[in-house]
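**Student:** Chains as they are written, first to last, in this note's numbering: chain W, 1 to 573; chain D, 1001 to 1498.
Incorrect hints may have been included.
What the hints assert, rightly or not - Which chain D residues stay away from chain W? Per the calculated CB distances, all over 12 Å, these:
1. Leu1050
2. Pro1402
3. Thr1431
As the list claims (entries may be wrong) - List of simulated lysine to any residue pairs, SDA-like, C-alpha gap at most 25 Å:
4. W/Lys195 with D/Val1302
5. D/Lys1445 with D/Thr1485
6. W/Lys195 with W/Arg28
7. D/Lys1445 with W/Leu198
8. W/Lys195 with D/Ser1174
As the list claims (entries may be wrong) - Over 10 Å on every C-beta distance to chain D, these chain W residues come out as not near it, computed from the model:
9. Ala78
10. Val99
11. Ser101
12. Arg138
13. Ser236
14. Leu485
The hints are simulated quantities; they were obtained by calculation from the structure and are not laboratory data. No residue lacks a Cβ here, since even glycine has one placed at the ideal position from N, Cα and C.
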Amino acid sequence: MEATGFSVLTAIIFIPIIAGVVILFLDRKNRDLVRGVGVTAAAAVLALSLAVYFGYDNFVKSDGGLIENQRALLESGAELSGAQMFADALAFEQRIVWVESLGIAYHVGVDGVSAPMVLLTGMVAVAGVLISWKIQDRLREFMAFFMFLVAGVYGVFIAVDLFMLFFFYELAIFPMYLLIAGWGWVKLREYAAMKLTLYILVGSVFALVAAVAMYFAAGAYFAGSGADVFSAAVESGLLPADSGPYSWSIVQLTLAAENGAFAIEILGIDGLNFERFWFPFMFMGFGVLAGVFPFHNWSPDGHVAAPTAVSMIHAGVLMKVGAFAALRSGVQLLPDGADTHLPWIVFLTLINVVYGALIAFRQRDFKYVIGFSSVSHMGLVSMGWATMNLTGMTGAGIQMFSHGAMTALFFGVVGMVYDRSHTRDIPSLGGFIKVMPWVGVAFVIGGLTSMGMPGLSGFIAEFPIFQGMWAASEQITLQLGAFQLSNYYSALVIIAALGIVITAAYVLRVAGQVFFGEFDAERFHDVGNIEMTDRIVLIILGSPLIILGLYPPIMAPMIESGIRPLIALLGGG
Amino acid sequence: MEFDLWAQLPSVLPEVGLTALAIVVLFADIYGSPSARRNVVFISAVGMALLALIPLIWLPDPSLFENGTLLWGGMVNYDPLSQIFKVMLLLAGAVTCLMATGDKGVGDKGEFYLIVIIATLGGVMMSSASDLILVFVALETLSIPLYMLASFRRGDKRSAESGMKYFLYGAFASAIMLFGFSLLYGFTGTTSLSGIADAMSAGLGDNVVAVMTALVMVVVGFGFKISAVPFHFWTPDVYEGAPTPVTAFVSVSSKAASFALLLRFLTATFPAELVIGGVVIQDFWVNLLIVISIVSMTLGNVVALRQSNIKRLLAYSSIAQAGYTLIGVVALQGANDSLAVASVSFYMFMYIFTNLLVFGGVILFIAATDTEEISDLAGLNRRSPWLALFITIGLLSLGGIPPAAGFFGKFFLFQAAVNANLVGLALIAVTNAIIALYYYLVVIKVMYVDSGPDDDVSIAIPRAYAWSLGITALVVILLGTIAVTPVYDWAAMGARGL
């Protein structure tokens, strides 16, 4: 799509920022106004996100739309250009040159992978504001920081400029720190907030160094031996006319990756080239936020310590930011590195899946169960990336959305139970479905989703991931010196499927102990049903799980269209 | 060459203006009516702010001068780089004056402003000096007023001690530096910075050990001024003991002017082409500065973790910041050294405003509560939301978090390092940036999360502070968002002029 003037995505970023600044200037005693501004901004953003999602859906599926174009391209047998396919898949673009001398531009747009994420962020933003309705302590500051956090998260998903991606990524971290440290669970919040912030920052700055190195390598290539590639790309309109050889544009960096700009020898070590050296920095740097083992340690503590709204956005959206950024800047920009490293990283993701589920099973604290279940499910996303084929990666894309809505729903449920019962100790709870039927039903829906029950979105996500693993098994070999491991993905699938069984076990255990069984009417005499705002939260987060489960074409083709350029880059058909 | 006063005057107009301003302030303070005396602060602040416009209005145009950008007999280098640093230093002086107003025993004395103006004059001269003689005169014009300022609160033991310490260390460092200068002059028979390089490449002073000795001595002098390890020992004590507005001024002016001069000195006197006895001199100073940079940032950050006094914390933080900035200087070895120079200029530009913002907030806090402990900042958000917000913006900028300017500042430095093939140094620097973020975040957490005994006692912000803090905070945010391009391009222009 041609870069147009104003994009709705710009409005999506700036509405929360403006709302946040406005809220900071409001009278702190006027809580209703603070809530009103917050919920209005969040609702407006959700509405715009829906417009973006369905607008993009139309762009993908319409006659002569993206899917038909991609099919025609595949059938034509022409040589595939991942950069060109990626650029063609972008919609709602806007580009303003920011620092011209360094090739930094404010460039936003969505593709098939990011459009569902934009929708997810909108949903969780509204749910987060609604579930924070009752906060008493410094509501004004809470709401303002929450708005800044939402804006930062949006920014990462829609950035088409690698520098912008980092800018928004770092922008999201500081409000998150304050939200957890200031409003979290008193016992743990300072420790958890600092741990989480430092983990995430360490990852991102190492990735930043990798990005700077890529920027110079690509620039040197386009200014030198790749000058004709560059001028051809400018002529064909792939790159804007005002771009220079040194640029942070993801399209341009993808083009560089595709033409071998990153295949340069470094350090003089045989077999180690630029891409292979920097890929772990890039992928694992962002993988920290996606909770990839062994860097998952911040996540359960962080989620448990955070206030409900922040847990929701954190587990629901921020972990996807990590997985998304690892895909966009790791796999997409360093495909050869992905080929080399993902075959062993897949073992880490397997540990995520099984070990996370096992630990979740052992927890007594309701919120820790959900925290570790996030670690387990996010492992499936990274595992999907590691398949490096269309089926598996599409499944991972769906899993990002499905898990986002599901885990936000879980944290909402935990928050609602905890706010009324003041305990999260699973054995001492029981029979809550009698007093809060809505919450109980929502938990069961979420639980079935996380087990991968057909008819719910979890199945639509997990099944293709496993299928992709099988399919990948024959293609991928892992070379460790003289030792060669091949056809091992299929073995991993079987073990990973164990994780699903364990998931079923802990979900059923929690459901049985918290929502069914005896209700201690004496102890929980003041526990009542939930308010309207809470019901809206449950509806917003629960209904997509069912809709997507019953009607996958609402999302699957879109994500597939976003994955195809990556497959072309990875050298697959 | 014909001497054309009118063509050459703009190059020293800020210096002339500062001298005139100093005289005006002196007379207004001595002979003025009480109301004129009260207005000394505004005369100084507005005067310096207006002088900061001069380098923006008369942009240097080298084509005007036959002899390149060297004017006044080769003493003054009239290039864009000097102009950037002049603007910075003048604005720093202006903001310092505004921030000193409320400080009892400091801001109510007219001579304080006079001394600040003279020190700024020294800094401004330093940023364009290109001759050993002027370098040293400028350096001392900057330093001696700073010694006086550090001990400004004579009755206070800590202030007197800090002034004495600063003076002793400073005089020692100056003497070593001067010895280095004399060696360079002795080898080459010239005092012009670029002339020394020409003479050395022509074969004069081809004793490589002697040249390196001179170089090390000069670096010692600079290391003291920018408080790099191992010449940093004065920093925590002086920062803690000196009146806070003075600390703010010392932390920015002397550092910025010294970095301007360091860039010029290293590029002009020890350029990449200079090879003596088969030894590339640039390799030597690059390695020397890499070590100093790594040690400075690591030691500064690690020791800062243990501080409980906010001024000492900022002192160690400023040692670490000097280490980061040195990365930009070291990156001069890269193929594209304009990235390096631009990154240092931009970093100093944003650092001046950032540090003044933090110190301004701290001055106000200390004046209101009479304590410097970090734990006493607890609940500042409830006592004065604006003050907490200003300090937070400053700390975020120091930590390198967007949208504050520090993010771009650090980014440009790391970029320059990677460009110069110093990936290892860049990785060490980012690790350090994380350590630093820990203690900045702790301070922010204390202000926003902890509750203190005086939570209900609000702190009012006087008007002069509201203006100075508000403007600096705005500048810090703008430098991190929409103002990046013009300022960075300006800095890059300065780099090309070198």
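**Student:** Please name the hints from earlier in the document that this structure breaks, with their numbers sorted from lowest to highest.
**Tutor:** The structure conflicts with hints 2, 3, 5, 6, 8, 10, 11, 12, although it agrees with all the remaining ones.
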